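Participant: Input sequences plus hints: build the corresponding full structure.
Protein chains in written order, with the working numbering: chain A, 1 to 239; chain B, 240 to 473.
Hints are computed from structural coordinates only; laboratory data are not their basis. Wrong hints could be hidden among the right ones.
Each computed DMTMM-like pair below joins lysine to aspartate or glutamate, with the alpha-carbon atoms no more than 20 Å apart [to be verified]: (1) B:K338 - B:E414; (2) B:K316 - B:D394; (3) A:K139 - B:E398; (4) B:K378 - B:D403; (5) B:K418 - A:D58; (6) B:K338 - B:E473; (7) B:K302 - A:E137; (8) B:K340 - B:D397; (9) B:K378 - B:E343; (10) A:K139 - B:D394; (11) B:K418 - B:D403; (12) A:K138 - B:D300; (13) A:K139 - B:D300; (14) B:K378 - B:E473; (15) A:K139 - B:D397; (16) B:K316 - B:D336; (17) B:K339 - B:D397; (18) B:K339 - B:E414; (19) B:K338 - B:D394; (20) B:K338 - B:D325; (21) B:K339 - B:D403.
Computed from a predicted model, the values in this text were never measured in an experiment.
Here's the letter readout for the chains.
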Amino acid sequence: MQSLTNISLKTIVKKQVKWEAKLNISALSSLVIVQIIFGVLTSSSGSASSGHGHGNLDVRFSIYSLDTFLIVSAIWAFIVALLFTTKAYRVDDLSVISSRTSSTIANIFVMIMYSFIAVIIMISTYYLQVLGILLVEKKSFVTEGLFISPSTFILCFSSICLFGALGLLFGTSFKGPVVIKIFLSTFMVFSFIYIFMTPNIIPLMMLPNLMISVLCLLVATLCFCLTIWIANKSEVSRK
Amino acid sequence: MIVTTIFFFTSILLVIAIFQILSKLGKKTKRIWTPKRIMIGITSYIILGLTAFIYISFFSDSKIPVLSSSDIKQVEKKFDQIPKYDQEFNSSYLTSDYKKKTWEINFDGDTLPVVINNDDNNLSLNIRQRYNDNIESGKALITYYQFPFIVNGVDLSDEVPLPDVYVAQNQLFIESFSKQQVNYNRLKATIGFLDFNRGAERYEMDNSYSNFIVIDIPRGTEIEDSQGLIYYLE
Numbered sequence: 001m002q003s004l005t006n007i008s009l010k011t012i013v014k015k016q017v018k019w020e021a022k023l024n025i026s027a028l029s030s031l032v033i034v035q036i037i038f039g040v041l042t043s044s045s046g047s048a049s050s051g052h053g054h055g056n057l058d059v060r061f062s063i064y065s066l067d068t069f070l071i072v073s074a075i076w077a078f079i080v081a082l083l084f085t086t087k088a089y090r091v092d093d094l095s096v097i098s099s100r101t102s103s104t105i106a107n108i109f110v111m112i113m114y115s116f117i118a119v120i121i122m123i124s125t126y127y128l129q130v131l132g133i134l135l136v137e138k139k140s141f142v143t144e145g146l147f148i149s150p151s152t153f154i155l156c157f158s159s160i161c162l163f164g165a166l167g168l169l170f171g172t173s174f175k176g177p178v179v180i181k182i183f184l185s186t187f188m189v190f191s192f193i194y195i196f197m198t199p200n201i202i203p204l205m206m207l208p209n210l211m212i213s214v215l216c217l218l219v220a221t222l223c224f225c226l227t228i229w230i231a232n233k234s235e236v237s238r239k
Numbered sequence: 240m241i242v243t244t245i246f247f248f249t250s251i252l253l254v255i256a257i258f259q260i261l262s263k264l265g266k267k268t269k270r271i272w273t274p275k276r277i278m279i280g281i282t283s284y285i286i287l288g289l290t291a292f293i294y295i296s297f298f299s300d301s302k303i304p305v306l307s308s309s310d311i312k313q314v315e316k317k318f319d320q321i322p323k324y325d326q327e328f329n330s331s332y333l334t335s336d337y338k339k340k341t342w343e344i345n346f347d348g349d350t351l352p353v354v355i356n357n358d359d360n361n362l363s364l365n366i367r368q369r370y371n372d373n374i375e376s377g378k379a380l381i382t383y384y385q386f387p388f389i390v391n392g393v394d395l396s397d398e399v400p401l402p403d404v405y406v407a408q409n410q411l412f413i414e415s416f417s418k419q420q421v422n423y424n425r426l427k428a429t430i431g432f433l434d435f436n437r438g439a440e441r442y443e444m445d446n447s448y449s450n451f452i453v454i455d456i457p458r459g460t461e462i463e464d465s466q467g468l469i470y471y472l473e
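Facilitator: Right, here's the structure in full:
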């Protein structure tokens with residue numbers, strides 16, 4: 001049966017976002033579990049440690065910061081975004097009238113929403129870890145900063161969002177034309193190698209939190225736009 | 240950077256492994272974990288985190304005071320004068336506020352041989368001799384002074400182990416204790432690797448003049464210092 005009602009893209013996306021957010025909620029529960037596991041694993045040593053020695057006194061500081069939880073959340077966002085583009089997840093989209101473009105836009109919105117919730121989950125895990133150590137070890141902390149500043153919050157959100165965007169782009173690029181597949185995979189592999197193998201990332205780290213956040217969000221937006229463009233291009237050859 | 244890369248890739252593998260396990264478990268428990276129940280679970284977890292935050296902020300007071308950069312700079316300004324006083328043989332900086340322990344020893348004769356057994360940390364102990372008219376012949380006072388020893392904003396002067404001071408075969412032995420390790424948990428709700436690369440780590444002061452051992456001897460008594468580690472003070 002065909003409908004003659006003209007439904008706008010906005011309405012489709014809105015419906016799809018609601019549907020997908022509810023459908024993929026288990027992704028957030030998996031993040032909670034992963035965060036708890038990493039929280040327990042790093043409970044004895046913290047995210048980092050620093051040592052100072054002078055004379056016959058050695059001082060060791062176990063630093064409890066957001067690093068581990070942020071890295072885990074970023075990896076989670078990448079994997080979840082990648083999974084959103086897989087065939088198994090796309091089959092679920094058939095429950096709502098959709099096109100590949102609308103589905104991609106909906107995925108982007110869901111990813112942004114999930115990134116925000118992921119930051120809150122991440123912060124919750126951090127405080128629960130600290131509380132756990134306080135109650136179990138009964139040892140005082142050298143408290144240098146208990147409150148998470150808005151700039152740190154935005155930075156965490158933008159970083160998770162960026163990894164989510166990269167995951168979506170990576171996943172979608174394998175459904176697009178062959179040229180895009182080759183170009184994007186080569187570009188991403190080289191980007192990863194460049195970021196992790198060279199110290200050129202340090203000048204970027206020297207920037208203020210808000211500046212890094214803006215950069216991350218800009219790259220994320222670019223990735224999202226590319227994702228929509230590739231999805232639009234592969235619309236005709238929906239498999 | 241290599242450590243970060245290894246950590247990053249290990250985390251990726253671990254997260255993938257957990258995802259695999261969860262997806263297999265998820266299929267079996269799909270009936271139990273409905274979206275509504277998951278949502279309730281996540282909300283409860285966030286509320287629990289918020290409760291933890293409230294508990295930490297209101298009910299858990301840290302007993303370890305942390306000095307700010309300006310506090311450390313003030314302390315440093317005060318102790319910047321120590322090397323200057325020391326070079327002028329002036330002992331006025333050695334006040335009772337920093338006195339940790341005094342040992343009174345007896346010896347025979349007019350010469351007191353001193354043996355300093357300081358392992359490999361010869362630079363960490365500053366030993367000085369001073370003539371004191373109030374001390375009887377054949378007696379000596381060894382006083383240990385500890386100035387603030389600040390690392391990462393925490394004053395660790397109470398944690399520094401005292402040296403072992405004793406007399407054997409009419410010789411004064413000053414021995415430093417074996418290495419002692421203290422562990423602290425530092426709570427810093429920021430992105431640590433960014434702070435580290437930005438050099439935002441707490442300003443630290445030079446701790447090379449953080450402790451002094453002063454040997455007070457009566458006039459007419461000589462100190463035999465074969466190691467050349469003892470300097471004179473007035």
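Participant: Does each hint hold? Answer for all of them.
Facilitator: Now the hints, each set against the structure:
1. B:K338 - B:E414: 18 Å, holds
2. B:K316 - B:D394: Status holds; Cα separation ~16 Å.
3. A:K139 - B:E398: With Cα atoms ~16 Å apart, K139 (chain A) and E398 (chain B) stay inside 20 Å; holds.
4. B:K378 - B:D403: 18 Å, holds
5. B:K418 - A:D58: 7 Å, holds
6. B:K338 - B:E473: 17 Å, holds
7. B:K302 - A:E137: 14 Å, holds
8. B:K340 - B:D397: 12 Å, holds
9. B:K378 - B:E343: 7 Å, holds
10. A:K139 - B:D394: 17 Å, holds
11. B:K418 - B:D403: Holds, at roughly 13 Å.
12. A:K138 - B:D300: 12 Å, holds
13. A:K139 - B:D300: 11 Å, holds
14. B:K378 - B:E473: With a Cα-Cα distance of about 18 Å, the restraint between K378 (chain B) and E473 (chain B) holds, given a limit of 20 Å.
15. A:K139 - B:D397: Measuring from Cα to Cα gives roughly 17 Å; hence the hint holds.
16. B:K316 - B:D336: OK: K316 (chain B) and D336 (chain B) at ~17 Å, within 20 Å.
17. B:K339 - B:D397: 9 Å, holds
18. B:K339 - B:E414: Holds, because 16 Å separates the two Cα atoms, which is no more than 20 Å.
19. B:K338 - B:D394: Holds, at about 16 Å.
20. B:K338 - B:D325: 17 Å, holds
21. B:K339 - B:D403: With a Cα-Cα distance of about 13 Å, the restraint between K339 (chain B) and D403 (chain B) holds, given a limit of 20 Å.
Hint violations for this structure: none, all hints satisfied.
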